[in-house]
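Each chain, letter by letter, is given below.
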Amino acid sequence: MLTKGIFLPPMSEAAQKYEAVIGLEVHARLSTKSKLFCSDANSYGAAPNENVGVITLAHPGILPKTNKKAIEYAVMMGIACNCSINQKNYFARKHYFYPDLPKGFQTSQHTVPICGPGFVTIKTSTGERNVKLHHIHLEEDAGKSIHDMDEDYSYIDLNRAGTPLIEIVTEPDMHSAEEAGLFVTELRKLVRWINVCDGNMEEGSMRCDANVSIRLKGETKLGTKAEVKNLNSIRNVRKAIEFEIDRMIGMLERGEKIYQQTRSFDASNDTTFAIREKEEANDYRYFPEPDLPPVSLSNEYVINIKNNLPALPQVLYKKYQTEFGLNEYDAAQLTLEKEIADYFESVIQHTTNYKAAANWINGPIKQLINEEGISLNTVSANRLAEMIEIVDKGEVSFSNAASKLLPAIIKNNTESIAVLASQLNIIQTGDAGQLQEWVNTVINKMPEKVAEYKKGKKGLIGLFVGEVKKLSKGRADLKSVTQLLEDALKS
Amino acid sequence: MEVTSEMIDRLAVLAKLKFSEEEKKELNTDLERMIEFVEKLKEVDTTGTEPLLHITDAVNVLREDEVKQTITRQEALLNAPLTDGNFIKVPKVIKKETE
Chain A
1 MLTKGIFLPP MSEAAQKYEA VIGLEVHARL STKSKLFCSD ANSYGAAPNE
51 NVGVITLAHP GILPKTNKKA IEYAVMMGIA CNCSINQKNY FARKHYFYPD
101 LPKGFQTSQH TVPICGPGFV TIKTSTGERN VKLHHIHLEE DAGKSIHDMD
151 EDYSYIDLNR AGTPLIEIVT EPDMHSAEEA GLFVTELRKL VRWINVCDGN
201 MEEGSMRCDA NVSIRLKGET KLGTKAEVKN LNSIRNVRKA IEFEIDRMIG
251 MLERGEKIYQ QTRSFDASND TTFAIREKEE ANDYRYFPEP DLPPVSLSNE
301 YVINIKNNLP ALPQVLYKKY QTEFGLNEYD AAQLTLEKEI ADYFESVIQH
351 TTNYKAAANW INGPIKQLIN EEGISLNTVS ANRLAEMIEI VDKGEVSFSN
401 AASKLLPAII KNNTESIAVL ASQLNIIQTG DAGQLQEWVN TVINKMPEKV
451 AEYKKGKKGL IGLFVGEVKK LSKGRADLKS VTQLLEDALK S
Chain B
1 MEVTSEMIDR LAVLAKLKFS EEEKKELNTD LERMIEFVEK LKEVDTTGTE
51 PLLHITDAVN VLREDEVKQT ITRQEALLNA PLTDGNFIKV PKVIKKETE
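Residue numbers (the UniProt record's numbering), protein chains in the order written: chain A, 1 to 491; chain B, 1 to 99.
Just chain A, with the same shape it has in the complex (with noise of 0.2 Å):
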């Protein structure tokens, strides 16, 4: 019987005597152009069957041949996460009977997956941590079974059927549903980042399954897991471990015995309800696929691999900080994404003021893009370097330069930057008789505030150098500006 878990807040104080432990299995779909071994095209979104030949189907007297993009890919993510490569790999046949893959079997690795230990940096927020992975395996995926679409029958789309996954394996090692969200959302990153996988969970490209269990804190034997399948959101996957924790703490707390079971999550109220009561004991009888040599990678050829990945977000983050100077959270901005890793790479090309080029980016940049949907490289990387040199210089202030130049220049692209700050009309001036003119016009306009600054509250300059940028429209160049200020103050 199939009932769906009663959720029950545990208290709080009893929640504290325990600790969860999680591990995940998260599956990513290569983003080859064919499948894992066979020349159907490895797509999203054709008509159902589209993608479909006789290997897919299983037909009598066929020869899979392995394709030699997953292999790449596969030793690419490994290297990506610290694993080591296991050069002689071959696949195992994994039996089940299920009308989603033909063959009767899922062609798998079983002793020995592609990529053995490794680990992947989180970022939680009491600091890093590295998060163990036990292993990353090749396998085929199956196709998609839909039912409810017929009172008696499912519909059969076998265009899935076949196309490349990893599995990547964590070990039993997170400890919360926050840490787990970080874990999927960085592994999510380095797929994108290495572009083996597009990351698209809401289209399946990445499903992550949670083993959930808890024990005692101080316990070291693990408690009795559920596994939470098919979580396909961030979301979903830390929503679908709090439910969890919360529910075995719940029948703990209320003397009842946990049982293993597979769950799945209801996103529509973010509980987890039974599919499976107890694990059927699954046989897989695993054998080595004999229609499928061997793949022996030599040395040369991982570590060739390995000279031809791009510098890893986790690499450019410490650099970023240890040789560039800048602090944690311009790191992990730069870093989010590839592709502004790499403009930022480009703009530094053009100049060594890396704070002034992440603050550009992490800032105006970054809400150009997002209000005005501009992409990174509207501003070419040298455009954007010419303009913190002139904002360094002193030639324009940066709220002018952020708030002005930079829409000027996305859409005249070719005229010079300093045509169009003059155009503008925003270029600083350092014309002492300008600058005097404007200082003195704020002092005679503010007698009040004149005369606290000289009964002693000295904190009132910002408030005149504010108004002389104002009145300036942001062209006094506010370094002469205080100093003209302190000395007309002082009489």
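No wet-lab data here; the hints were simulated from the structure.
Each hint should be verified, as a subset may be incorrect.
[Said to hold, decoys possible] Examples of chain B residues toward chain A, derived with CB under 7 Å:
(1) L14
(2) K18
(3) L62
(4) V67
(5) F87
Where is the CB? At the ideal position from N, CA and C, for every residue including glycine.
Guided by the hints, dock chain B onto chain A, whose structure is given.
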């Protein structure tokens, strides 16, 4: 090794097959003979012999990542006993929850 009727039932479940009592008896005899044969092979000392996973010495028989449409959907669906539009129809594979 003795083959029990429980073992036959378990294998039948895994293979999604159904057998009559008569067939089960035959299977029992056949399976026992097969197991006997394998038991006999086990008498050979294989210490130091690597398991033979593949019959040939072929390694790295790989394919370039190229798409080739080999058959049309119409052809693909020809052998399906039941179809509906672009889909293959099969008997319901999940039990409906009546609860």
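Evaluation of the provided hints:
1. L14: Cβ of L14 of chain B sits 6 Å from chain A, so the hint holds.
2. K18: 13 Å, violated
3. L62: 4 Å, holds
4. V67: 5 Å, holds
5. F87: 4 Å, holds
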